[in-house]
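Residues per chain, in single letters:
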Amino acid sequence: MSAGSTTATVLAADWDQLTPELWLSFQQTVYMVVWTMLIAGLLGLVLGVALYTTRRGGLFQNAPSFGVLNVLVNIIRPIPFIIFITAVGPLTLLVMGTTIGTRSVLFPMSFMATFVIGRIVEQNLVSVDPGVVEAARAMGASRFRIVWSVLVPEALGPLILGYTFIFIAVVDMSAMAGYVGGGGLGNFAITYGYQQFDWPVTLVTVVIIIVIVQAAQLLGNRLARIALRR
Amino acid sequence: MAPVISFRRATKEFPGAGGSSFRAVDEVDLDIDAGEITGVVGYSGAGKSTLVRMINALELPTSGSVTVDGRVTGELGERGLRNLRAQVGMVFQQFNLFASRTVAGNVAYPLRIAGWPRDRRRARVAELLEFVGITEKARQYPNQLSGGQKQRVGIARALATSPNILLADEATSALDPETTGEVLRLLRRINRELGTTIVVITHEMEVVSSICDRVAVMERGRVIEEGPVYEVFADPQQAATRRFVHSVLSDRPSPETVQRLREHFPGRLVTVWVRDDPGARAALAEVLSASEVRSTIVYGGIRELAEKPFGTVTFELSGDDRAIDAMVAELTARTHVEEIAS
Numbered sequence: 001m002s003a004g005s006t007t008a009t010v011l012a013a014d015w016d017q018l019t020p021e022l023w024l025s026f027q028q029t030v031y032m033v034v035w036t037m038l039i040a041g042l043l044g045l046v047l048g049v050a051l052y053t054t055r056r057g058g059l060f061q062n063a064p065s066f067g068v069l070n071v072l073v074n075i076i077r078p079i080p081f082i083i084f085i086t087a088v089g090p091l092t093l094l095v096m097g098t099t100i101g102t103r104s105v106l107f108p109m110s111f112m113a114t115f116v117i118g119r120i121v122e123q124n125l126v127s128v129d130p131g132v133v134e135a136a137r138a139m140g141a142s143r144f145r146i147v148w149s150v151l152v153p154e155a156l157g158p159l160i161l162g163y164t165f166i167f168i169a170v171v172d173m174s175a176m177a178g179y180v181g182g183g184g185l186g187n188f189a190i191t192y193g194y195q196q197f198d199w200p201v202t203l204v205t206v207v208i209i210i211v212i213v214q215a216a217q218l219l220g221n222r223l224a225r226i227a228l229r230r
Numbered sequence: 001m002a003p004v005i006s007f008r009r010a011t012k013e014f015p016g017a018g019g020s021s022f023r024a025v026d027e028v029d030l031d032i033d034a035g036e037i038t039g040v041v042g043y044s045g046a047g048k049s050t051l052v053r054m055i056n057a058l059e060l061p062t063s064g065s066v067t068v069d070g071r072v073t074g075e076l077g078e079r080g081l082r083n084l085r086a087q088v089g090m091v092f093q094q095f096n097l098f099a100s101r102t103v104a105g106n107v108a109y110p111l112r113i114a115g116w117p118r119d120r121r122r123a124r125v126a127e128l129l130e131f132v133g134i135t136e137k138a139r140q141y142p143n144q145l146s147g148g149q150k151q152r153v154g155i156a157r158a159l160a161t162s163p164n165i166l167l168a169d170e171a172t173s174a175l176d177p178e179t180t181g182e183v184l185r186l187l188r189r190i191n192r193e194l195g196t197t198i199v200v201i202t203h204e205m206e207v208v209s210s211i212c213d214r215v216a217v218m219e220r221g222r223v224i225e226e227g228p229v230y231e232v233f234a235d236p237q238q239a240a241t242r243r244f245v246h247s248v249l250s251d252r253p254s255p256e257t258v259q260r261l262r263e264h265f266p267g268r269l270v271t272v273w274v275r276d277d278p279g280a281r282a283a284l285a286e287v288l289s290a291s292e293v294r295s296t297i298v299y300g301g302i303r304e305l306a307e308k309p310f311g312t313v314t315f316e317l318s319g320d321d322r323a324i325d326a327m328v329a330e331l332t333a334r335t336h337v338e339e340i341a342s
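These protein sequence lines are chains H and V, in that order. At position 151 of the first sequence (counting the first as 1) the number is 151 in the numbering used here, and the numbers step up by one without a gap. At position 63 of the second sequence (counting the first as 1) the number is 63 in the numbering used here, and the numbers step up by one without a gap.
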């Protein structure tokens, strides 16, 4: 590999082997990101609504509940994800039966993403005009009804943008999950690019990730615009 | 007629900083009869909003009681509260429309809560939009409407379930004068045609004078004066009511105005109250035309309040001091008179 003239042939040979590997990694990334977005998207929505409604003046005002949730979010969110994966290892083992593999990293990923999404959902709900909530209460709407028929629809545009932002963070997380055997594009770039000193492989992976992120951002922006066109 | 809304020593305290508490509403006794339009007036922070929100149980009294339609709000469970609220409509200063729903969607919302089937809902929404005159806007979103149109939607939404009580919290304060007039006429029509009892919070005299039957004046959480609009404003018993009446009507010259008047009218300045008493008004004219004293109109005006004359006129009186004294005494015998500069 030292001679410049042989590099091209080595690379060409590499891609023959690497392409199926890359395709598999791509599928693994999609698997991790989609499942995390589904699980954490739902749980994070619940957490965000809980944070927003239990705070002072909220529909379900409850200082102890808000305090606990708030502290929990503040503790978990800043932990670097790569450390978080290993820290919750025992819990992952308990829940998923293993700590290795693409499926098992869904646990730490969904766990962390739930807390990140929770905070983002809460912040977007704060932007909803409290007068609108009062109007719904004055009409006799139940508190749960207000959550799903007023709060969420009124904040839908910003929520979509928030979820788009999270999607990108989850792609980032999935790359780190590769470190503990999660597979995926991150793992691919490290194993075949970084560790093999094969910069083009890393570059190709990065381009694929950029394309995924751009597509997500484009879709998110478009959906948000539709939601905001009122 | 039994009152449809009764406050009995109703008090609302909010927890304040450092364990203290703030009394937004302080031992209020107030009865509101069915079919009347009552104005709640007072300076901001007087407790008007909290008082009105105790009617639809958005606020519950911390002591005393509020009875609405025979139901004591403090004794209702969550379901009872929701039923009560569904029967009391409310419109807001900032309209509080759902930005994510169309005009029709906004008006349909309370009907959805009440569990109306889709086709009945649609018919009722059409009827309501027709009533408030915005049928052609049904498919638009609130941010495409003007302030007056938004408030019409707010009113249609508040009327959807045919409530017998309608609360209006500064419903016209965000509107220009012309639109205010339209919305007030609409509220009047609702009261006349549907027999709805209406409680309006306002700081605008126009609202009180053009639609209210009765008025309650609030200061620091208390209702300090209550009664028919004309009686309360024409003859206020409380200093705070007088202050309010003067500030919103600007019916007598301010100290600055008096100073300016003084430059041109060095004589004695006397403000004479004009009220609903044709005999007294005729007598006033007679007294003022007495020959020894020269009287010049320098300030004031007479308008209608609850369809009756209401106002003050300030005169400069010059001539023999004793003759002026006699004239002021004669005026005082017939109406309220105040010498503002001598």
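The set of hints was computed from the structure by calculation and includes no laboratory data. C-beta: ideal position from N, C-alpha, C; glycine also. Hints are supplied without guarantee of correctness; some may be wrong.
A few chain V residues that face chain H, going by a derived Cβ cut-off under 7 Å, partial list only [stated by the list, open to error]:
(1) L60
(2) S63
(3) A86
(4) I113
(5) G115
(6) S254
(7) T257
(8) Q259
Cβ-Cβ distance ranges computed for the label pairs, FRET-style [to be verified]:
(9) H:M96 to V:Q140: 33 to 39 Å
(10) V:G77 to H:P78: 39 to 45 Å
(11) H:I79 to V:A126: 28 to 34 Å
(12) V:A126 to H:S127: 31 to 37 Å
(13) V:A126 to H:P78: 40 to 46 Å
(14) V:L194 to H:A215: 33 to 39 Å
If you want a taste of the chain H side facing chain V, the calculated C-beta under 8 Å gives, among others [claimed, not checked]:
(15) V150
(16) P153
(17) L219
For each hint, the structure was consulted:
no.	hint	result
1	L60	13 Å, violated
2	S63	21 Å, violated
3	A86	3 Å, holds
4	I113	5 Å, holds
5	G115	11 Å, violated
6	S254	35 Å, violated
7	T257	39 Å, violated
8	Q259	44 Å, violated
9	H:M96 to V:Q140: 33 to 39 Å	51 Å, violated
10	V:G77 to H:P78: 39 to 45 Å	43 Å, holds
11	H:I79 to V:A126: 28 to 34 Å	56 Å, violated
12	V:A126 to H:S127: 31 to 37 Å	33 Å, holds
13	V:A126 to H:P78: 40 to 46 Å	54 Å, violated
14	V:L194 to H:A215: 33 to 39 Å	55 Å, violated
15	V150	7 Å, holds
16	P153	4 Å, holds
17	L219	20 Å, violated
Going through the hint list in order, the structure does not satisfy hints 1, 2, 5, 6, 7, 8, 9, 11, 13, 14, 17.
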